[in-house]
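Trainee: Sequence:
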Amino acid sequence: MSDALSTLELLTAMYPMDGELELSDSASSALAGSPSPIYPLDLIVRVPITDDDDAPRIELSISIPQSGSVRLGVRQPDFLTRAAYQTLVDSLPNPEGDATEAVMAAIEAIRMAAPDLIQEEPVEEEEEKVDDGPLERVWFWFPSLSTREKRKDLVTYAEGYRLNGFVLAGKPALLCVEGGGRAVDRYMADIKSVSWGDIPSFQKKVTERLRLPLAESDRKFKTMTDVTSLVPHYGTYNHRGDMSEVRRLCDEWGVGQDFNAVVMNSRDE
Numbered sequence: 006m007s008d009a010l011s012t013l014e015l016l017t018a019m020y021p022m023d024g025e026l027e028l029s030d031s032a033s034s035a036l037a038g039s040p041s042p043i044y045p046l047d048l049i050v051r052v053p054i055t056d057d058d059d060a061p062r063i064e065l066s067i068s069i070p071q072s073g074s075v076r077l078g079v080r081q082p083d084f085l086t087r088a089a090y091q092t093l094v095d096s097l098p099n100p101e102g103d104a105t106e107a108v109m110a111a112i113e114a115i116r117m118a119a120p121d122l123i124q125e126e127p128v129e130e131e132e133e134k135v136d137d138g139p140l141e142r143v144w145f146w147f148p149s150l151s152t153r154e155k156r157k158d159l160v161t162y163a164e165g166y167r168l169n170g171f172v173l174a175g176k177p178a179l180l181c182v183e184g185g186g187r188a189v190d191r192y193m194a195d196i197k198s199v200s201w202g203d204i205p206s207f208q209k210k211v212t213e214r215l216r217l218p219l220a221e222s223d224r225k226f227k228t229m230t231d232v233t234s235l236v237p238h239y240g241t242y243n244h245r246g247d248m249s250e251v252r253r254l255c256d257e258w259g260v261g262q263d264f265n266a267v268v269m270n271s272r273d274e
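Here this note's numbering is used: position 102 in the sequence shown is 107, and no number is missing along the way.
Everything labelled a hint here was simulated from the structure, so no lab data went into it. For each residue, glycine too, the CB sits at the ideal point set by N, CA and C. Misleading hints may appear alongside valid ones.
Claimed, not checked - Pairs of lysine-lysine, DSSO-like flavour, derived with a Cα cap of 30 Å:
(1) LYS155 with LYS227
(2) LYS155 with LYS210
(3) LYS155 with LYS225
(4) LYS176 with LYS157
(5) LYS197 with LYS157
(6) LYS210 with LYS157
Unchecked claim - Each pair of labels, with its calculated beta carbon distance range:
(7) ALA37 with ARG153: 27 to 37 Å
(8) SER249 with SER149: 31 to 41 Å
(9) SER149 with ARG216: 46 to 56 Å
(10) LYS197 with ALA18: 16 to 26 Å
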């Protein structure tokens, strides 16, 4: 808790202006001194890429779990092409050490890499805006998902398509994303063709279980997060998640009815 609190206090001191820092309810509660905050502590930092007052900013999403490494993600800004954005993501160091060190290293990497990427690959003004489609929440079911690299890709790629939600690894595994419906389709196509490019086609098993239209006010997630470490696992290889705990978390996040439909094939209206 002390490490997480130190990180929150440092970031609030570094980014005191309106719009620079966005805290989830759990992060705000922890910062206010709650003795038992609900993890993960999620927040968004809008990092200026230079010291100029009108410098472009890049959104860095941060998720601090109760244990384990902090999880980081970068949302693709309008002023970077897809290729430049991917270069920026690749420049981020692995989040090792305590949360404060990992977050500060990521901020420094963004500020070092982003200015050159803008100069090298500007977005053409006449470029047609991508249509993400109507806002939806989509749930996917995997028979199995364990590879850390593939889990990381599910989180990282989502940022580029302006998607939020969570991934839960294990056997079985769940993926929930909120965002434009067409963006979700492009995201999953990218996952299958790029992230899973080294996997035989017959092993690329994923099923869309539920797709719901959303109003903006219906959004439940502010970041894209790997929540695997939040759920107890059991079995010979410790890869079967405790679905009762997953259900409890989904109820807590406000998507419990969806969970019933996806996992238990029932949904209370």
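Trainee: All hints are to be evaluated individually against the structure, with a verdict given for each.
Mentor: Checked hints:
1. LYS155 with LYS227: holds, 21 Å
2. LYS155 with LYS210: The given pair, whose Cα atoms are some 13 Å apart, holds under the 30 Å limit.
3. LYS155 with LYS225: holds, 24 Å
4. LYS176 with LYS157: With Cα atoms ~17 Å apart, LYS176 and LYS157 stay inside 30 Å; holds.
5. LYS197 with LYS157: Status holds; Cα separation ~14 Å.
6. LYS210 with LYS157: holds, 18 Å
7. ALA37 with ARG153: 27 to 37 Å: holds, 34 Å
8. SER249 with SER149: 31 to 41 Å: violated, 20 Å
9. SER149 with ARG216: 46 to 56 Å: violated, 22 Å
10. LYS197 with ALA18: 16 to 26 Å: The hinted range 16 to 26 Å is violated for LYS197 and ALA18, with Cβ atoms some 43 Å apart.
Consistency note: the structure conflicts with the earlier hints numbered 8, 9, 10.
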